[in-house]
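Visitor: Going line by line, the protein sequences match chains A and B. Per the numbering used here, the first sequence starts with residue 1251, numbered consecutively. Per the numbering used here, the second sequence starts with residue 382, numbered consecutively.
Simulated from the structure, these hints should not be mistaken for laboratory data. Hints are supplied without guarantee of correctness; some may be wrong.
To be verified - So the derived list for chain B, only partly shown, Cβ under 7 Å to chain A, looks like this:
| id | residue |
| --- | --- |
| 1 | Tyr409 |
| 2 | Gly424 |
| 3 | Phe427 |
| 4 | Leu429 |
| 5 | Gly478 |
| 6 | Tyr480 |
| 7 | Phe484 |
| 8 | Arg486 |
C-beta atoms are modelled at their ideal positions from N, C-alpha and C, and glycine is treated no differently.
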Amino acid sequence: SQTIHQWPATLVQPVGSPLSLECTVEGTSNPNLYWYRQAAGRGLQLLFYSVGIGQISSEVPQNLSASRPQDRQFILSSKKLLLSDSGFYLCAWSYGRGGREQYFGPGTRLTVT
Amino acid sequence: SQKIEQNSEALNIQEGKTATLTCNYTNYSPAYLQWYRQDPGRGPVFLLLIRENEKEKRKERLKVTFDTTLKQSLFHITASQPADSATYLCAPDASGGSYIPTFGRGTSLIVHP
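Just chain A, with the same shape it has in the complex (with noise of 0.2 Å):
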């Protein structure tokens, strides 16, 4: 069976510094990848899709960046973060082409103070 992982669970970090979110999928080959974000009271937004190693897609322009490895690697990424940053951070997975049902993580809980 298939399991996605993220890390960590929680984080508290300060305006400026940089950011590194990890997912990893288990059980599936080539599936789609997905980072979103859910701020408080708010609906998922979604930051990065990846289809494969090397190609990352943005919706939207912020100061994040995303990352992916390997085959099963999803890295969301920032170089110096905003008290805005703050919120619910969720990876995802499809299968690959065109699979539309999304299996999500648990989650990063990102404080940004």
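Using the hints, position chain B against chain A.
Guide: This is chain B only, laid out in the frame that chain A set:
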């Protein structure tokens, strides 16, 4: 631009009754629509997917309808239980023929014993 509307007010019902949640979308015609469940502090969990040529889909106590004329989907939980209390997210395909869903803000369901 595309818009997805779910009732922002919580739905309170008694155990054993049928819960009905509404999702309306405007300015486009998605070919697929999904429903997810999200518990506090957790990632969403996929429940059901319905295609535009399917009027209704069922899974155990869950039923989803998709009315492309009204641009509306209804999500029903029959014989509701307190364990069904959660936020339910509607997620039609994004516009432009994308296979990636766009998530509504969700409706909170509270089932009272």
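Visitor: Now tell me, hint by hint, if it's right for this structure.
Guide: For each hint, the structure was consulted:
The closest approach between the C-beta of tyrosine 409/B and any C-beta of chain A is roughly 16 Å, which is over the 7 Å cut-off, so the hint fails. Using the Cβ-Cβ criterion of 7 Å, the hint placing glycine 424/B at the interface with chain A is satisfied: the shortest such distance is roughly 3 Å. Hint status for phenylalanine 427/B relative to chain A: holds, with the closest Cβ pair at about 5 Å, below 7 Å. Against a cut-off of 7 Å between C-beta atoms, the interface hint on leucine 429/B is violated, since the closest Cβ of chain A lies about 9 Å away.
The beta carbon of glycine 478/B comes no nearer than 10 Å to any beta carbon in chain A, farther than 7 Å, and the hint placing it at the interface is violated. Interface hint status for tyrosine 480/B: upheld, as the beta-carbon distance to the closest one in chain A is roughly 4 Å, under 7 Å. Checking phenylalanine 484/B against chain A by beta carbon gives a least distance of about 4 Å; that is within 7 Å, so the hint holds. Look at arginine 486/B: its Cβ gets to within about 4 Å of chain A, closer than 7 Å, so that hint holds up.
In this structure, the earlier hints numbered 1, 4, 5 are contradicted, and the remaining ones agree with it.
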